[in-house]
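The listed protein sequences derive, respectively, from chains W and E.
So in our numbering, the last spot in the first sequence is 1310, and the numbers never skip.
So in our numbering, the last spot in the second sequence is 677, and the numbers never skip.
Treat the hints as calculated values from the structure; they're not laboratory data.
Among the clues, some could well be false.
What the hints assert, rightly or not - Chain E is faced by these chain W residues, among others (derived, beta-carbon under 7 Å):
| no. | residue |
| --- | --- |
| 1 | Leu-901 |
| 2 | Ala-905 |
| 3 | Pro-906 |
| 4 | Pro-909 |
| 5 | Ala-912 |
| 6 | Ile-945 |
| 7 | Glu-952 |
| 8 | Ala-963 |
| 9 | Glu-973 |
| 10 | Ala-976 |
| 11 | Phe-985 |
| 12 | Gly-999 |
| 13 | Ala-1002 |
What the hints assert, rightly or not - To list a few chain E residues with every Cβ distance to chain W over 10 Å, as calculated:
| no. | residue |
| --- | --- |
| 14 | Ser-580 |
| 15 | Ala-583 |
| 16 | Leu-587 |
| 17 | Val-590 |
| 18 | Ile-594 |
| 19 | Thr-601 |
What the hints assert, rightly or not - Short, incomplete list of chain E residues facing chain W, as computed with Cβ under 7 Å:
| no. | residue |
| --- | --- |
| 20 | Leu-591 |
| 21 | Phe-592 |
| 22 | Gly-593 |
| 23 | Ile-607 |
| 24 | Val-624 |
| 25 | Phe-626 |
| 26 | Arg-628 |
| 27 | Glu-632 |
| 28 | Asp-634 |
| 29 | Ala-647 |
| 30 | Glu-649 |
| 31 | Val-650 |
| 32 | Leu-654 |
| 33 | Ile-656 |
| 34 | Ala-659 |
| 35 | Ala-663 |
Idealized CB from N, CA, C, for every residue including glycine.
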Amino acid sequence: MFTAPEISYMAFAPMIVVLLGGAAGVLVEAFIRTPATRRSVQLALTLVATVGALGVAVVQWATYSPDSAGVIGQTGYFVMDRQALAWQSMILIFGALSALLFAARTRAGESAFTPLGSAAPGSPEEAEAHRRGLEVTEVFPLMLFAVGGMMAFVSATDLIALFVALEVFSLPLYLMAALARRKRLLSEEGALKYFLLGAFSSAVFLFGAALLYGATASTGYGDILAYVLASPGDLTLIIPGAVLVLVGLLFKLGAVPFHTWSPDAYQGAPTPVTAFMAAATKAAAAAALLRIVYVALYPLEWELSWMIWTIAILTMAVGTIVALVQTDIKRMLAYSSVAHAGFILVAFAGFSAEALSAVPFYLLTYGIATIGAFAIITQVREKAADGTVGGEATRLGQWAGLGRRDPLLAGAMGLFLLSFAGIPLTAGFIGKFQVFAAAVDQGGWPIVLVAVLASAAAAFFYVRLIVLMFLTDVPEDQQESVEVDYHPYTRVVVWITAAATLLLGVLPAGALALASDAGTLLTGL
Amino acid sequence: MSPIAFVYLATVLFGIGAAAVLTRRNAIIAFMGVELMLNAANLALVAFSRIHGEIDGQVMAFFVMVVAAAEVVVGLAIIIAVFRARQSISLDEPAELKG
């Protein structure tokens, strides 16, 4: 027998605002014909939806009494506890910043997206679309749907809800990754790999969910936990199920050996999309991993921790070592993001309670620096001999002497790189410190030792880029081949993220207090 | 026939699907492998639902069907875009991205 579920719609208000914004964006696509007007309307709509939802989330946070963890949105399926609100607010901030990058254009008025996704690269249709000034403004509603899916993903306490939310945020990302304006073959190829491996990982996740359901006769986290606690003897179905579910989530997090999609997708996707995907997907994946491990699977610590330890160490090592030899800056940051996935997993060593506030703080610092760094990449452009500004200059050599061309921009890039490396007085240092402290707290010092060594090695390639920007002269033949572009939206994003990186590094107390308030979970029953 | 047999069948199908994704170089065949994996999971869900005499698994199977249909739309769109660009959907041939 079915009984109608009790849904407290007020608790879902931030998610509803974002998804309605996305639906309104689809209508805007249908009714506003002029590309330029449509773009401004879409940008305004996206900003109103994300910032409005952020405001609602903040109000909800403030109205929870100090000792309450939050409310249950739909019994057994979604909770809106402080942890979920913290992640949702973070994803909304990333979404709003990315929306500005989506709308930014070069001095010549080019957006980052192809004018017509269906036209083959180099075809007459594509030339015609360029001539008519068409625009793919669908990326704005697509991003809102992705944000809405991620918000559901971080608050789901049921495997059905988690699976549906996973697909709701993944499918728009696959499409957005394929829409780059330049190097379209690269973009489409990256999207194809992203799609196939992403679909593969959700199938793996789903089979794991089926096995967990088979073992426990329920898809809710609370019932799974009750089953694991009640019968520790019979684990024949539950261990393979838990491993497959975790593997599916580790794919999204980009942990080795499930990281192979991320360099290709990051390099091929339009840079604003890369910024969004790198910051928000990683946050959503870490949040879901945290919730399923800490609500449903923590009694299996002995059985699962070997896997988390191995994957964390492999991820840090492979991410760092492969990043050392990259010559393309987007690819280098992609491997650096793989290494960061390893640092995130360090917090899971021993399943310490501190991880519940350390991981959100880490992802906040990482996401802000990532969006800033990719925003700067959109500003450094190749210039042809006849003076026309081309695509992004992503070869590392082309960044030589950027400190002379634009000291402020290069300084901001330097700040983000130092934050990635975890140098004190940047946000990244506080984030890493929190994560490592959480692991040491539960006796995970061997893994922290590996993590510290990996951060030291990783600092090498971040500092190498800083040296390249500030201490290397522009090669004689390249004086005129690179240009620093300018768009107010991009610059606003760069300055906001740079200020936040510095502020969280110098005065982290306020944000840390919020993060420790967020360290409570509801089981949803 | 005991419903547990369907769970074994589902596991075998899942393995075949995963092998297809990981070894076949044609994007469409790899994609069919993904669909096989999703359907294997559906079969397992329905079989477990029958074993437990409980309906959640069947409900989840419905959700999976809807989501798989949406995934096909997005996946085929990307595969067709790649085919138009290079007249081939081999996963080996597109080798712009390396390292």
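Review point. Once the shortest beta carbon distance from Gly-999(W) to chain E is found, is it less than 7 Å?
Key: holds, 4 Å
Problem - Separation of Val-590(E) from chain W, once the least beta-carbon distance is taken, above 10 Å - result: At about 12 Å from chain W, Val-590(E) clears the 10 Å cut-off, so the statement holds.
Q: Decide, holds or violated, for the assertion that all CB atoms of chain W are farther than 10 Å from the CB of Ala-583(E).
A: Holds, since 13 Å exceeds 10 Å.
For this session: Go through the hint on Ala-647(E) and say holds or violated, using the shortest Cβ distance to chain W against 7 Å.
Result: violated, 11 Å
Closer than 7 Å between Cβ atoms is the bar; does Phe-626(E) clear it against chain W? Give me holds or violated.
holds, 4 Å
- May I ask you to check that Thr-601(E) keeps its beta-carbon over 10 Å from the closest beta-carbon of chain W? holds, 12 Å
Q) Taking the closest Cβ pair, is Arg-628(E) under 7 Å from chain W? A) violated, 11 Å
Could you check if Leu-654(E) really has its C-beta closer than 7 Å to a C-beta on chain W? Cβ of Leu-654(E) sits 10 Å from chain W, so the hint is violated.
Margin query: Hint Ala-963(W) vs chain E: min CB-CB distance below 7 Å?
Written below: With Cβ-Cβ at 6 Å, under 7 Å, it holds.
When the least beta-carbon distance from Gly-593(E) to chain W is tested against 7 Å, hint result: Status violated, d = 10 Å.
Using 7 Å as the Cβ threshold, decide whether Pro-909(W) counts as touching chain E.
violated, 13 Å
- Query: Can Phe-985(W) be said to touch chain E, with a Cβ gap under 7 Å?
  - Reply: Where the cut-off is 7 Å and the nearest Cβ of chain E is about 5 Å from Phe-985(W), the hint holds.
Checked against the numbered hints above, the structure violates hints 1, 4, 5, 20, 22, 23, 24, 26, 29, 31 and 32; every other hint is satisfied.
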